[in-house]
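All chains should be built: construct the whole structure from the sequences, respecting the hints.
These are the residues of each chain, in order.
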Amino acid sequence: MPIPYAILVVFLLVILYVGSFALNRRYMHEGDVEGQYDMKKCLACPISVCGVKDRFKEGEEA
Amino acid sequence: MSVAVFFTAIISSMLINNIVLLRFLGVCPFLGVSRRTESALGMSLAVMFVMVIASFVTYLLYYFVLAELGITFISTIAFILIIASLVQLVEMFIKRFSKKLYKSLGIYLPLITTNCAILGIVELNIAANYATDFGLWSGLGVAVTSAFGAALGFALVMIAFSAIRERLDGYPLPESWKGVPVSLVVASIMALAFLGLGGIV
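So the sequences go chain by chain: A and B. Its first residue numbered 176, the first sequence is counted upward by one per residue in the numbering used here. Its first residue numbered 612, the second sequence is counted upward by one per residue in the numbering used here.
Just so you know, these hints were derived from the structure itself, not from any lab. Just so you know, even glycine gets a beta-carbon here, dropped at the ideal spot from N, CA and C. No false leads were slipped in.
Which residues of chain A face chain B? A few of them, derived with a C-beta cut under 8 Å, are:
id, residue
1, 177
2, 180
3, 181
4, 184
5, 185
6, 188
7, 189
8, 191
9, 192
10, 195
11, 196
12, 198
13, 199
DEER-style ranges, computed between Cβ atoms:
id, chain 1, residue 1, chain 2, residue 2, range
14, B, 810, A, 222, 53 to 59 Å
15, A, 196, B, 643, 21 to 27 Å
16, A, 179, B, 711, 45 to 51 Å
17, B, 639, A, 220, 32 to 38 Å
18, A, 196, B, 790, 33 to 39 Å
Spelled out as structure tokens, the structure:
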């Protein structure tokens, strides 16, 4: 019966999509979050790879 | 297999069976992101990247997984998920390296997921049965080449159309013709011009 294989393949592809989506959300553009983030909280956040954090850091250095 | 096969695949999918003007797929970004040449070029590059990679991945997925397991009936769902994942990666890439382009593409960037040109090319590659005609691996080459040609055709009409629209902005057109009406007239004339290329290969 190919049905279990079909479910498995679709499940794996959904996992792939959700993974890429999550990865994309972690790297945010400053326009996406304008006015939503506090600089202090952002810099204290443990996630190291983040576009918003990079932006704040660049601003601080400048 | 000769170079002529690849050349024919590129010319055929780029000019003779142009995805936008002759198959009428991908008309949404064609009308939506063609106001400025810069945006049109960025969109074309993003579509080109997704189309070529999606063709490669879906061809392998179809013949090595779906056909082997006898589950080709889920091919459309599988292809949509592959395209959606690729678009997320492209979005991340553009966001990182070209913030200006990311802003100018706006909502049309995530909407590449629903761009029927990409799903259309992927499905057409499978329907064309290149694996039977040229063998499994050579068929992969032809499918990817064909997708690349289609993406070039998409880029060609996008850039030409955006250049025409930019020039049209300066013309004193009647109020009722401004915007979409004159764009559709231009698109129809372009489609007629492309129709004239039929039969060159």
